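Trainee: My request is simple: use the sequences and hints to build the entire structure.
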Amino acid sequence: MSKRIDVKDLNVYYSKFLAVEDVNINIEARSVTAFIGPSGCGKSTFLRTLNRMHEVIPGARVEGEVLLDGDNLYDTAVDPVTVRGQIGMVFQRPNPFPTMSIRDNVLAGVKLNNKRMSKSDADDLVEKSLSGANLWNEVKDRLARPGSGLSGGQQQRLCIARAIAVSPQVILMDEPCSALDPISTLAIEDLINELKAEYTVVIVTHNMQQAARVSDKTAFFNIAGTGKPGKLIEYDDTTTIFNKPSIKATEDYVSGRFG
Amino acid sequence: MAANQTLQRRQSQLTRGHLPSYAVWVVLGASVILGAALASLIGFSVVGWAVISAVVFVIAATLVTAVAEGERKAKDRLVTYLVYGAFLIALLPLVSVLWTVLQRGVPGLSYNFLFTSMNGVTGATDNQALENGTPVLGGAYHAVLGTLQITLWATLISVPIGLLTAVYLVEYGAGKNLTKAITFFVDVMTGIPSIVAGLFAAALFALLFGPGTRTGFVAAVALSVLMIPVVVRSTEEMLKIVPNELREASYALGVRKWRTITNVVIPTAISGIASGVTLSIARVIGETAPILVTAGFASSINWNVFSGWMSTLPTFIYYQILTPTSPTAPDPSTQRAWAAALLLILMVMLLNLVARFIARMFAPKTSR
Chain Y
2 MSKRIDVKDL
12 NVYYSKFLAV
22 EDVNINIEAR
32 SVTAFIGPSG
42 CGKSTFLRTL
52 NRMHEVIPGA
62 RVEGEVLLDG
72 DNLYDTAVDP
82 VTVRGQIGMV
92 FQRPNPFPTM
102 SIRDNVLAGV
112 KLNNKRMSKS
122 DADDLVEKSL
132 SGANLWNEVK
142 DRLARPGSGL
152 SGGQQQRLCI
162 ARAIAVSPQV
172 ILMDEPCSAL
182 DPISTLAIED
192 LINELKAEYT
202 VVIVTHNMQQ
212 AARVSDKTAF
222 FNIAGTGKPG
232 KLIEYDDTTT
242 IFNKPSIKAT
252 EDYVSGRFG
Chain S
6 MAANQTLQRR
16 QSQLTRGHLP
26 SYAVWVVLGA
36 SVILGAALAS
46 LIGFSVVGWA
56 VISAVVFVIA
66 ATLVTAVAEG
76 ERKAKDRLVT
86 YLVYGAFLIA
96 LLPLVSVLWT
106 VLQRGVPGLS
116 YNFLFTSMNG
126 VTGATDNQAL
136 ENGTPVLGGA
146 YHAVLGTLQI
156 TLWATLISVP
166 IGLLTAVYLV
176 EYGAGKNLTK
186 AITFFVDVMT
196 GIPSIVAGLF
206 AAALFALLFG
216 PGTRTGFVAA
226 VALSVLMIPV
236 VVRSTEEMLK
246 IVPNELREAS
256 YALGVRKWRT
266 ITNVVIPTAI
276 SGIASGVTLS
286 IARVIGETAP
296 ILVTAGFASS
306 INWNVFSGWM
316 STLPTFIYYQ
326 ILTPTSPTAP
336 DPSTQRAWAA
346 ALLLILMVML
356 LNLVARFIAR
366 MFAPKTSR
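So the protein sequences, as listed, match chains Y and S.
Whatever position you read off the first sequence (first residue = 1), add 1 for this note's numbering.
Whatever position you read off the second sequence (first residue = 1), add 5 for this note's numbering.
Since the hints were made in silico from the structure, they are not lab data.
Remember, it's a predicted structure, so these values are computed and weren't measured experimentally.
Each residue gets a CB set at the ideal place from its N, CA and C atoms; glycine is no exception.
Don't take every hint at face value.
[Stated by the list, open to error] Only pairs whose alpha carbons sit at most 30 Å apart, straight line, appear in this in silico DSS-like list of lysine-lysine:
no. : chain 1 : residue 1 : chain 2 : residue 2
1   : Y       : Lys17     : S       : Lys185
2   : Y       : Lys120    : S       : Lys78
3   : S       : Lys185    : S       : Lys262
[Stated by the list, open to error] Beyond 10 Å from chain S on every Cβ pair, some chain Y residues (computed):
no. : residue
4   : Asp7
5   : Thr77
6   : Ile184
7   : Gly228
Mentor: See below:
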């Protein structure tokens, strides 16, 4: 259960400001795709257009097509809520619901949508999701405790468990490790490697080693200057991007040289 | 020679002169004695003694510190004592009010006062009680019931309206002209004098049900005019501080906006909302003028807010003081008024405690 994403001629706006210009990209199913690039180049903005989270911001809009296994997400008849049910998201800062226990956080996607579920089914789902996020052994004795009592890395894995509990086709991760220490980062990276067996994973990261470690393909975004739109510069296999990029800007960026 | 032997005890380079901790108490004692002496020069009184002692103490402590510890410490001490002084002055009226109400209210606070109304209590009853030295009859039961019923109905009207308005302002209307208009009018409503709210409700019901319609419900409408802006403002502030990340987390799980609001945003803010609502109740529970023009005045129990006049504790106090039940012997009435005042303060205190309890119960848990 995972789907591919094809983006055609996508322009992303904040009101009148063109933030990302003319992106064409094909993201394979059951793979990890990394977006890298300098701050403000629009990678997070672009990521948020892939599950229609971009339009939550007032004035934000999109032109172009995003196809999930051939179906356009931005068709006028499409309900964004359906899209987000299929394409889950993990954010930069861990954001478990503070009013809910660990168990309820995992079940949030089900419970908040008011779906009925028997207690044993719910127990199974909690265990499956937490195991899937490599968190089950650490929290199985305190499922009724508040989720905000966990450490940062555990909270982030809880958020991943919460995202996979609604069984999405695609998981988007917006710098999931930037607020975490190296050990928690390693745990998340291992998890990403396991997740790609079942899901399509797209990850935005500032850490190029991380992109090199976890991703199959890498997309490099860049920006010509402040106020200019971000653009997709190069998209290729991760090994190619890091070893033999065909564009000079990419090579400068991945090797740490700029300008 | 071992290294530690070279370290001789000497004056540290990092310290300066330092007063021992008892110095303040010595200065205080001296100031009190000096204050007593100065006060008796101009005619002794406790207030004069306290004020003069305080002034002497602040000056003396500052000077002593300036000499012993330096100018910066002296400034620190001066400002510290001035802040303490401001705090004590601010506290004085509060303590004084509480003390007066307790002193005069407690004698009247009997079972009889709490659980009987003024029904059948006339001037003759009061005169008799005074002559025979028997306990004062008659009480504020009807007024307590009236207060509870009217406030309950006012809350039932204002909380849904206020809550939904705040939800619109924060969640749906950001940046819209309607939002600006609502915010403006809510601000204006906050400043409406309570008597005007009372006249509005009275006029509204006079139009709808004929002139002279005075019931508990009319009073509840008047009070809700006063409550709604407070509820809107406090709820709005609470909803604003719910982190946007939680809303996005919920959207990203494919949860609809209204379910996100009811199941994520409001539960996260509920403790603040609850205390805001309680504060708004505390604001209107003591209103007198709007009750007088909307619910009239009653001396017997009325369980029905939709018909008949009704009393609340403030109007009860007002009438007991202004028109004592027995014009020739106002003391029993005065006693009942003070007891009712004490009861009102107790109710507001209880409400505040309940609000704190609710806030703690609903507060997001962070324990490990």
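Trainee: None of the hints should be skipped; say for each whether it holds.
Mentor: Verification of the supplied hints:
Only pairs whose Cα atoms come within 30 Å are accepted, and Y:Lys17 paired with S:Lys185 is accepted, the gap being roughly 23 Å. Pair hint Y:Lys120 plus S:Lys78 does not hold up; C-alpha atoms about 66 Å apart against a cutoff of 30 Å. Taking the CA atoms of S:Lys185 and S:Lys262, the gap is about 22 Å. The hint holds against a cut of 30 Å. Every beta carbon of chain S lies more than 10 Å from that of Y:Asp7, the smallest distance being close to 21 Å; the non-interface claim holds.
The beta carbon of Y:Thr77 sits about 18 Å from the closest Cβ of chain S, which is more than 10 Å, so the claim that it is off the interface holds. Residue placement check: Y:Ile184 keeps its beta carbon more than 10 Å from all beta carbons of chain S (closest about 19 Å). For Y:Gly228, the condition that its CB be more than 10 Å from all CB atoms of chain S holds, with the nearest at approximately 23 Å.
In terms of the numbered hints stated before, the structure departs from hint 2 and from no other.
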